[in-house]
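A.B. asks: Sequence:
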Amino acid sequence: TPDFARGIDSLDSFDGETMNTELFRKFEDAFNITLQNNPGILPGAPTVIESIKTAMFKVQKSKATREVEMRNQLERLKGEMSTLEQQLSQQMGSMAMRKSEL
Numbered sequence: 503t504p505d506f507a508r509g510i511d512s513l514d515s516f517d518g519e520t521m522n523t524e525l526f527r528k529f530e531d532a533f534n535i536t537l538q539n540n541p542g543i544l545p546g547a548p549t550v551i552e553s554i555k556t557a558m559f560k561v562q563k564s565k566a567t568r569e570v571e572m573r574n575q576l577e578r579l580k581g582e583m584s585t586l587e588q589q590l591s592q593q594m595g596s597m598a599m600r601k602s603e604l
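Basically the working numbering = 1-based index in the sequence shown + 502.
One or more hints might be untrue.
Subject to a maximum C-alpha distance of 30 Å in a straight line, what follows is the list of computed DSSO-like cross-link-like pairs (lysine-lysine) [claimed, not checked]:
{"id": "1", "residue 1": "601", "residue 2": "565"}
{"id": "2", "residue 1": "580", "residue 2": "565"}
{"id": "3", "residue 1": "565", "residue 2": "555"}
{"id": "4", "residue 1": "528", "residue 2": "563"}
{"id": "5", "residue 1": "565", "residue 2": "528"}
{"id": "6", "residue 1": "601", "residue 2": "555"}
{"id": "7", "residue 1": "563", "residue 2": "580"}
Rather than coming from a laboratory, the hints here were simulated on the basis of the structure.
Remember, it's a predicted structure, so these values are computed and weren't measured experimentally.
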């Protein structure tokens, strides 16, 4: 629909740095393969298809960024948990030694 295309066209365009990322290249390859294998999936002018691809990539990029953030947070939490486990183990060892001295 024209409203849909107009809304997509209003999205920011990508700069050269974004388009040269590995994520963008992989996304673009997958998008193009999907269109080749399913030619009727996105009928319309090339500009509409490009606008849809741009919108879909922005969503994918946002998801990928969030995934990286969550993975980093998970790694930090694992490190903190490991440190706490070590401290607990040391304290339990100290308590066991004191108890055996009594």
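A.B. asks: For a C-alpha distance cap of 30 Å, please report whether residue 528 and residue 563 respect it.
C.D. replies: Distance ~11 Å between residue 528 and residue 563 Cα, so the pair holds.
A.B. asks: Going straight from one Cα to the other, do residue 563 and residue 580 come out at no more than 30 Å?
C.D. replies: 26 Å, holds
A.B. asks: Straight-line Cα separation of residue 565 and residue 528 no greater than 30 Å?
C.D. replies: 14 Å, holds
A.B. asks: Is the straight-line distance between the alpha-carbon of residue 580 and that of residue 565 30 Å or less?
C.D. replies: 22 Å, holds
A.B. asks: Are the Cα positions of residue 565 and residue 555 separated by 30 Å at most?
C.D. replies: 15 Å, holds
A.B. asks: Within a Cα-Cα threshold of 30 Å, do residue 601 and residue 565 meet the stated pairing?
C.D. replies: Between residue 601 and residue 565 the Cα gap is close to 53 Å, so the pair fails against 30 Å, i.e. violated.
A.B. asks: For the pair supplied as a hint, residue 601 and residue 555, confirm whether the alpha-carbon distance does not exceed 30 Å.
C.D. replies: With a Cα-Cα distance of about 68 Å, the restraint between residue 601 and residue 555 is violated, given a limit of 30 Å.
Checked against the numbered hints above, the structure breaks hints 1, 6 and satisfies the rest.
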